[in-house]
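Chemist: Each protein sequence line maps, in turn, to chains E and V. For the first sequence, position 138 (counting from the first letter as 1) is numbered 138 according to the working numbering, and the numbering increases by one without interruption. For the second sequence, position 141 (counting from the first letter as 1) is numbered 141 according to the working numbering, and the numbering increases by one without interruption.
Just so you know, these hints were derived from the structure itself, not from any lab. Fair warning: there could be bad hints in the mix.
As the list claims (entries may be wrong) - Taking lysine-lysine and the BS3-like style, the derived pairs with C-alpha atoms no more than 30 Å apart in a straight line are:
(1) LYS53(V) x LYS316(E)
(2) LYS130(E) x LYS53(V)
(3) LYS316(E) x LYS130(E)
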Amino acid sequence: MSAVGPGVARPSGPDPVAGALGSRQGFSPERTRGGGTTEAWRTFATAVRLGWSMEANWTDPALFMIYSVAKPVSAALILVAMLEVVGGASTREYRSYVVTGSALWAFVTSGIAGLAWSILDDRERYRMVKYVYVSSSNFLLFLVGRAVARALVGAVGAVITLAFGVVLLGVRFDPMAVDWLALAAVSAIGVVVVVSIGVLMAAIVLQTRQEAWSYSEALAGALFLVSGAIFPLAGLPAALQVVGLLTPLAWWVEGTRQALFADPVSGIGGAGSAWETITGSLVPDPPTILLVLLVTGGVGTLIATFVFRVSERRAKDRGLIDRTTGS
Amino acid sequence: MSEVDTVRPAFRRLGPDDPRAAADWGRRRVLATELRSVRGRAYPRINGLLREKSWVFFEILLPFLTTSAFVFVYRALQAPEEFVGFVVLGGAMTAFWLNVVWMMAAQLYWERDQGNLELYFAAPMDLMSVLLGMAIGGLVMSSSRAIAVLVIATLVFGVSFSVDQWALLLAVFGLTLAALYGLGMVLASLFLMWGREAWHMTQAMVEPVYFVSGLNFPVARLGALGAVAVATVPLAVGLDAMRQLAFAGGETYGLLSPGIEAAILVAMVVVFVAVARISLRSLERRAREAGRLTVRWR
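Produce the entire structure from the sequences given, and follow the hints as far as they go.
Modeler: Written as structure tokens, this is what we have:
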């Protein structure tokens with residue numbers, strides 16, 4: 001990707017301005033072009049460090065860990081309690097299913113919220129968005145960097161919830177049965193998918209008032225329905241199942257389950273599911289899951305980036321970048 | 001009502017322009033000012049509903065989908081149909097809890113960051129009026145969400161209610177809201193003292209409270225933990241009572257009788273409002289002494 005913006009011709013040969021000013025004055029020609037790999041990395045690394053400082057510098061690590069883990073573990077416990085209330089043989093096989101789904105959702109929720117809250121935090125509370133925006137840093141890259149800390153907290157919460165499920169909730173887990181390569185592949189794509197949904201949420205929040213703090217949680221909660229995270233998609237009406245099949249998160253959750261457990265309950269397929277009707281196979285195999293995850297994730301990322309650019313332009317036109325609200 | 005009418009007789013001879021008379025307000029004037037404060041603080045919340053159209057989608061339609069997900073969990077497990085009603089009622093009540101946590105408990109902390117808190121303390125009004133205004137505005141906001149979730153989910157999932165004691169059900173509902181917002185007032189002052197930790201407390205108080213309150217299942221199934229929750233968390237006791245009063249066979253799953261749970265709610269309202277008043281007074285005094293009213297982002 002060119003470091004020069006669209007429509008701007010990069011001069012060939014030595015930069016005359018840089019030469020005239022000399023390096024003594026700290027002039028960076030990359031800053032005028034607003035890009036460059038070094039500049040991008042510096043922006044990202046600084047944003048990550050800033051995000052982590054803001055997230056974690058107020059307390060001791062033990063207390064911070066309790067806060068970070070209480071949420072996903074409680075979410076898993078709610079579902080396990082629901083299974084226990086109903087009782088019966090079928091609830092046993094669903095236990096691994098709901099614990100895995102709710103653990104992964106801790107990462108989804110924090111990953112989506114991270115980007116949206118970065119805008120709200122910096123615009124409404126610290127009132128820094130306008131300064132970041134007019135700097136030479138890539139705004140989107142800065143937001144992604146700011147969200148890394150929160151996503152990391154979510155990821156740690158997910159791992160601890162899974163461990164909690166294995167140790168205390170009777171989730172059957174065999175480390176030798178894990179397909180580590182498939183797990184690494186779906187996890188890597190899953191991170192991109194979650195970040196792209198976060199970018200979409202950031203685009204929305206850029207247009208809204210301060211009340212949007214809970215929007216990201218609302219979106220993550222709604223995606224619960226069509227992702228097969230806590231119940232198989234086969235339980236939904238056919239139209240909603242198709243929506244689920246187009247959602248990359250559903251494939252990410254399915255791929256992670258298949259990589260983690262031997263012979264898990266499928267969230268995508270199953271008897272009478274839309275998947276079975278469309279493809280004729282009962283459950284999707286791992287290569288299919290990876291392929292569909294790549295395609296849906298790629299399309300989703302492109303759409304999210306496009307929507308963010310449109311939103312950014314509109315926010316700039318309407319003076320929303322330095323707006324503060326309250327209620 | 002003229003200003004002279006509101007000045008106590010002992011000060012009238014000083015004349016309306018005398019600062020001593022101007023500073024001495026009669027009860028009617030104090031009351032009128034407090035009511036104006038309540039209205040003024042509720043106004044942006046109620047009016048904000050109309051100004052932010054996206055709110056309808058994100059705060060009404062999407063939460064309905066979240067509630068639906070839990071309904072489908074029960075459907076997948078072929079659970080008894082009354083459990084679907086439990087989830088729908090729980091989903092509706094989350095609107096109030098989220099409002100209490102985000103827009104009551106954390107609100108004074110936000111207000112300080114925005115620079116409004118010092119104005120509240122400097123204005124001739126009680127901070128309780130500000131909190132009451134927030135609560136009323138928040139109630140209107142969250143009621144619209146709760147009603148939407150309840151109505152849409154009832155229609156979509158065919159939930160059937162069976163109410164014999166309407167008066168008790170409405171009383172329990174009203175008491176639950178009063179106790180929830182009373183707790184919100186207590187938390188508002190605590191969160192202000194805790195500073196930045198409040199932000200994390202806000203998040204930590206959602207799912208864990210849902211769990212101990214038995215949001216999607218009967219709280220009695222949690223045993224001793226459920227009993228503690230019913231004694232301390234308004235959402236837990238209110239939901240348990242309302243489920244027993246709203247669904248046929250609901251009493252099978254109740255922890256205590258609805259009458260006793262209504263009495264617990266009354267006690268909660270009294271305690272929470274009293275504690276909120278005391279903690280706000282204490283907070284105000286300490287904030288003035290330590291000069292921390294204007295210290296932001298801590």
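Chemist: Does the alpha-carbon distance linking LYS130(E) and LYS53(V) stay inside the 30 Å limit?
Modeler: Holds: LYS130(E) and LYS53(V) sit about 24 Å apart, inside 30 Å.
Chemist: Holds or violated: LYS53(V) with LYS316(E), Cα cutoff 30 Å?
Modeler: holds (20 Å)
Chemist: Does LYS130(E) lie within 30 Å of LYS316(E) when you go C-alpha to C-alpha?
Modeler: Measuring from Cα to Cα gives roughly 10 Å; hence the hint holds.
Comparing the model with each numbered hint stated earlier shows that all of them hold.
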